[in-house]
Amino acid sequence: MTSPASSAPWGSAPDSAASEGSAPAPAADRPGGARLDVRGLRKVYPGSGKSGGGSGAPVEAIADLTFEVRPGELVCVVGPSGAGKTTLLRCMAGLLPATSGEVVLGESAITGPPEGMAVVLQEYGRSLFPWMTVAQNVELPLKEKGVPKRRRAELVRDTLAAVGLGDVAGAYPWQLSGGMQQRVAIARAAAYEPRVLLMDEPFAAVDAQTRFDLEDLVRALWKRLGITVVFVTHDIDEAIYLGERVLVLSARPTVVLEDVEVGLGPDRDQLGTRGTAEFARLRTHVYELVQQAKQGVRSLAEARLTHAVGGSDA
Amino acid sequence: MSGPAPAVRAGAGVGRVLRSGLLVLGLPAVLLTAWWVLTDGSTSYFNPPLRTIVGTFGETWFGSPFAESRFVQDVIPSVLRLLAGYGIALVAGIVLGVAIGSSRALRAYAEPVLEFFRAIPPPVMVPILMLFLGIGTSMKIVVIATGCLWPILLNTVEGVRGLDPVLRDTARAYRLGRVATVRHLVLRGASPQIVTGARQALSIGIILMVISEMFAAKDGLGFSIVQFQRSFAIPEMWSGVILLGVVGVLLSLVFRAVTNAVLSWYLGYRQSQHGGA
Numbered sequence: 000m001t002s003p004a005s006s007a008p009w010g011s012a013p014d015s016a017a018s019e020g021s022a023p024a025p026a027a028d029r030p031g032g033a034r035l036d037v038r039g040l041r042k043v044y045p046g047s048g049k050s051g052g053g054s055g056a057p058v059e060a061i062a063d064l065t066f067e068v069r070p071g072e073l074v075c076v077v078g079p080s081g082a083g084k085t086t087l088l089r090c091m092a093g094l095l096p097a098t099s100g101e102v103v104l105g106e107s108a109i110t111g112p113p114e115g116m117a118v119v120l121q122e123y124g125r126s127l128f129p130w131m132t133v134a135q136n137v138e139l140p141l142k143e144k145g146v147p148k149r150r151r152a153e154l155v156r157d158t159l160a161a162v163g164l165g166d167v168a169g170a171y172p173w174q175l176s177g178g179m180q181q182r183v184a185i186a187r188a189a190a191y192e193p194r195v196l197l198m199d200e201p202f203a204a205v206d207a208q209t210r211f212d213l214e215d216l217v218r219a220l221w222k223r224l225g226i227t228v229v230f231v232t233h234d235i236d237e238a239i240y241l242g243e244r245v246l247v248l249s250a251r252p253t254v255v256l257e258d259v260e261v262g263l264g265p266d267r268d269q270l271g272t273r274g275t276a277e278f279a280r281l282r283t284h285v286y287e288l289v290q291q292a293k294q295g296v297r298s299l300a301e302a303r304l305t306h307a308v309g310g311s312d313a
Numbered sequence: 000m001s002g003p004a005p006a007v008r009a010g011a012g013v014g015r016v017l018r019s020g021l022l023v024l025g026l027p028a029v030l031l032t033a034w035w036v037l038t039d040g041s042t043s044y045f046n047p048p049l050r051t052i053v054g055t056f057g058e059t060w061f062g063s064p065f066a067e068s069r070f071v072q073d074v075i076p077s078v079l080r081l082l083a084g085y086g087i088a089l090v091a092g093i094v095l096g097v098a099i100g101s102s103r104a105l106r107a108y109a110e111p112v113l114e115f116f117r118a119i120p121p122p123v124m125v126p127i128l129m130l131f132l133g134i135g136t137s138m139k140i141v142v143i144a145t146g147c148l149w150p151i152l153l154n155t156v157e158g159v160r161g162l163d164p165v166l167r168d169t170a171r172a173y174r175l176g177r178v179a180t181v182r183h184l185v186l187r188g189a190s191p192q193i194v195t196g197a198r199q200a201l202s203i204g205i206i207l208m209v210i211s212e213m214f215a216a217k218d219g220l221g222f223s224i225v226q227f228q229r230s231f232a233i234p235e236m237w238s239g240v241i242l243l244g245v246v247g248v249l250l251s252l253v254f255r256a257v258t259n260a261v262l263s264w265y266l267g268y269r270q271s272q273h274g275g276a
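For the record, the sequence lines run as chains Y and H. The first sequence runs contiguously to residue 313 in numbering that gives the first Met the number 0. The second sequence runs contiguously to residue 276 in numbering that gives the first Met the number 0.
Just so you know, these hints were derived from the structure itself, not from any lab. Ideal Cβ positions, reconstructed from N, Cα and C, are used throughout, including at glycine. Certain hints may be false.
On the chain H side, residues computed to face chain Y include the following (Cβ under 8 Å) [to be verified]:
#	residue
1	169
2	171
3	174
Taking the hints into account, I'd like the entire structure generated from these sequences.
Structure, rendered in structure tokens:
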């Protein structure tokens, strides 16, 4: 099984070659990653008191979230639907002001979209500029960042090649399939050379096979660039396959239910990794947690888990 | 027919061009022929044969010397005033529209007033503006500009307001500056609506070009037509009406060419949104 991702120049391939055990230390060359701290984050959407539409009462989306993402780490965030995952991500991206608490990138608290952060959103069809070609979409943020022209051309070419889209640079995004459009969005984020990459359910709207390819692409990209990645998803398998850690969120108003370490090693491949006992154990555990979260459980102590966490049950 | 495939396809292409040409020109040809035939024996003073009208056309508008012909003395000043007023409306409408469309507060503040001004038929402004600006060129340009402004302004506001919030977030997340955001996101994203407004404004502009000259003027296409009518130069009057139509068609052809260049992405995009691709 050869995915387009692994045929890309960034060939620290997630499948066969790499998993045969040379095990390159993932933390070896990671100048790029920045630390991300979420401290006591709370978000309440004010009720629409006067203006009619919707319920008048304020909605507490996030109750109290505190966690840290270490430099160069890939952390996945899962939770039941409506758990405020997107709200969290928008707060982290500086697109939405928190009601209280703070998000700290590196040394400084985020008040607006910070430097050195890129985002990939779920709605690939709506996050690319339809009046620009694929290459122009990737180039625009670089222009704004003041990257010299020659370097821009290089970055655009390299990142598009890396996501397997070298041949459609001149096409418009809407001429491409959903999976390809999301690759463009990923290429735009990678070309931006961020220190932190936030991804909000980026593969929720692409078909299952494409999703596997894109997951491998994200792992390869992360390894290659050494950046910090926060990946929000509702897909438990995806979270475990991708993450070094998985944060399981409660239902709204959101708190962290558990911070699960994923002991699957640095090299993963779709067939092997998903077939391991550890993967199955983690999957069962996180699945149960999410089920409990749906029923309103708000702490690990409250959760009634029928499968032992120790894990010979899988 | 057993010719090689490309030749067959080329033949089909020529056929298609011919057919679309027939479609475009068919109805005008029928109407002109009907006009020609039905009026050919006409002895009515006010409804002369088309033959007579066409006969006077050349000498009425393109008489020699060319520099003193009505085309140079009347038609070109009219069109220049139209373009000036239209241009002012385009710039003002887009600038104000982007400002109002981008700010919820400004919109709430300005919208009722805009709706009021939009509801006033633009020709009514002619007598009022005459009081302030006299009957010169500036009055006519202002009349055209004020009439053209509203459709452009209101459509721009709608277009800017309708920008996809996901695209806005994307622009913010990648820290696009204010200028880049307006240039690459707001103007391009609102361009389909801006073009719609500009198209409505163009036909309003042509109407106002003529009307502003009918009240009081010393040159212009509308002025000439009224002058012919008052001096009972009926075939010349009719030829002026035809010329007016031709000017309108030419302007809309230019408009369409510009539109196609600006919105080349839009057609394909819309098709793909409707599940076509």
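Status of each hint after checking the structure:
no. : hint : result
1   : 169  : 5 Å, holds
2   : 171  : 5 Å, holds
3   : 174  : 6 Å, holds
Hint violations for this structure: none, all hints satisfied.
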